[in-house]
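Asks: Next come the chains, spelled out residue by residue.
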Amino acid sequence: MGIITIARQAESRGEALAERIAADLGYTLVDRAHLEQLIQSHGLTGRELDDIDEEQASPAPGPADQVHVNYLQEALLDLAVKEDLVVLGRGGQILFRDCPWTLHVKVVASMAARRTILQARQPVPDAEADALLAEADRQRAEWVRQHYGADWADPTQYDLVVRTDRLGVEEGAALIRLAAEQRRIGAHLAEIGAWIESGRAEGQPEQATSGPAFVHPSEAELARVLDFYRIRWEYEPKSFPLAWNEAGQPTEAFTPDFYLPDLDLYLELTTLKQSLVTDKNRKVRKLRELYPDIRLKVFYGRDFRSLIQKYGVSPLAPGSATAGPADREARST
Amino acid sequence: MRSETLGEVVFSAEQIASRIGELGEEISRDYAGRDLVLAGVLRGAAFFLVDLARALTIPAAVDFIAISSYGPSSKASGVVRIVKDLEEEIAGRHLLVVEDIVDTGLTLGYLLRILRERGPASLQVCTLLDRSVRRIVEHPIAYRGFEIPDKFVVGYGLDYQQRYRNLPYIALLHPAA
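As given, the protein sequences belong to chains A and B, one line each in that order.
For the first sequence, my numbering begins at 1 and goes up steadily by one.
For the second sequence, my numbering begins at 1 and goes up steadily by one.
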């Protein structure tokens, strides 16, 4: 199986080219209509698709945006192990950037040609048409930047740039077919599956494994659990001074392990011995006195171990009456 | 050879039946005259939902939803998702999500976020067990069977490696000594 991703400037005939390639090669075209079906199978509707539309990038994307983009990525990855794909837009060239069995194409055309296409559908003066095209491209670039941190205009993201006002759809499609054959991207279902399973797709949740250096393995595991449930987290993002010297400099501080920005909640996990918990309790009490508006949840020893073990990670602590069996289904939360 | 052993009964079949009867009365009163949909979260809530539905004195649609689970092999599957969706259209209807147990609130948070988007007239939660000591994501719980401490329990829908769900009571499960 192979994947051809097509990014396109607005009104550059990228859609027509994608349709033609998909028809010529017998690949499945993943465009907006197809995505609506996929998204619905993941429990979302067309309304949510609007939230993740690359032509409607939010000025300040919220957590819901990211959740929906995660759906989109998951849906695309699911599909990629089953069918040959032509992925139109949606940052496909980034999602599958390092996948060997792909061809990343950018479709462009001159401003004059794009303006003509736009004006055939929407009769507006040249200047307004140019502004609309520039804005549409800006939205696409912004969407890719927000969700993948990548530069949509960077030519090194693409294996091939096709200029349709010179080549047209026919010649452009022929060129893409030739490039796909040269790269031998077809018939790699198992390899693409393994590649996705290994978590190497861009944007796949891997914050816990590639993120900060955790002090304790259980913290890394909790981070993975939070990733799974699409809860954004920050690791030790802030220290709260608890005592100061005469010069006003902090002499004691408390740094909770996690901050969950969408919940405005700090999490503190401890696997300390009981003798050391007393000091931590004192700090927690002091933090609550000094910062009454801070929401902090503390998981102590056994509570924390059973919480983590619930997710099937660590072996059971023998004889621990409160520890949960290690691989219980973790759905019932 | 089983490595774990069943411990003491936490809630007997009679206690569960009695509490479900009370919940049924309460829900029947609150939802009288409303178009109620009970959405059981598979697999654990199946037992509870069936008994709860039979304790209602008002009409209600019954449906189920299932989502993927986190586990040792979850890295490859990425993020939580719906595995089996509701069959019922819930827009404009009164949806009551029925859970076997709520503890961290992570799963429930995901479910409520998804279901809220579908525009139900109201969205409430009914759980048989509430283990609030583990709560990370807070949710209002309209109907609660029992509050339980941080102990591992099985039975009446709750499993360990897909076993024990069929117990008519809820009991502690101990690891091997």
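To be clear, the hints were calculated from the coordinates, so they are not data collected in a lab.
Among these hints, one or two may not hold up.
In silico BS3-like cross-links for lysine-lysine, where the CA-CA straight-line distance does not exceed 27 Å [said to hold, decoys possible]: (1) Lys238/A / Lys286/A; (2) Lys238/A / Lys280/A; (3) Lys151/B / Lys297/A; (4) Lys297/A / Lys283/A; (5) Lys84/B / Lys82/A; (6) Lys238/A / Lys297/A; (7) Lys151/B / Lys280/A.
Which chain B residues face chain A? A few, computed with CB under 7 Å, are given here [claimed, not checked]: (8) Tyr70; (9) Val79; (10) Val80; (11) Leu106; (12) Phe146.
Backbone N, C-alpha and C fix where the C-beta goes; we use that ideal spot for every residue, glycine too.
Asks: Evaluate each hint against the coordinates.
Replies: Hints versus structure:
1. Between Lys238/A and Lys286/A, the direct Cα distance comes to roughly 16 Å. Compliance with the 27 Å bound is thereby established for this hinted pair.
2. With a C-alpha separation of about 17 Å, the suggested pair Lys238/A and Lys280/A falls inside the 27 Å cut-off, and the hint holds.
3. The straight-line distance between the Cα atoms of Lys151/B and Lys297/A is roughly 19 Å, inside the 27 Å bound, and the hint therefore holds.
4. Taken as a hint, the Lys297/A and Lys283/A pair is honoured in the structure, with Cα atoms around 13 Å apart against an allowance of 27 Å.
5. Among the hinted pairs, Lys84/B with Lys82/A is consistent with the structure: their alpha-carbon atoms are about 20 Å apart, no more than 27 Å.
6. The suggested pairing of Lys238/A with Lys297/A holds, with an alpha-carbon distance near 15 Å, which does not exceed 27 Å.
7. Proposed proximity of Lys151/B and Lys280/A is supported: the alpha carbons are some 24 Å apart, at most 27 Å.
8. With its C-beta approaching chain A no nearer than about 4 Å, Tyr70/B sits inside the 7 Å limit, and its interface hint holds.
9. Because the smallest distance between the Cβ of Val79/B and any Cβ of chain A comes to about 5 Å, under 7 Å, the interface hint for this residue holds.
10. Taking 7 Å as the C-beta contact cut-off toward chain A, the hint placing Val80/B at the interface holds, the least distance being around 5 Å.
11. The interface hint given for Leu106/B is met, as the beta carbon of that residue sits about 4 Å from the closest beta carbon of chain A, less than 7 Å.
12. Nearest Cβ of chain A to the Cβ of Phe146/B: about 14 Å, over the 7 Å cut. The hint is violated.
Of the numbered hints listed earlier, the single one contradicted by the structure is hint 12.
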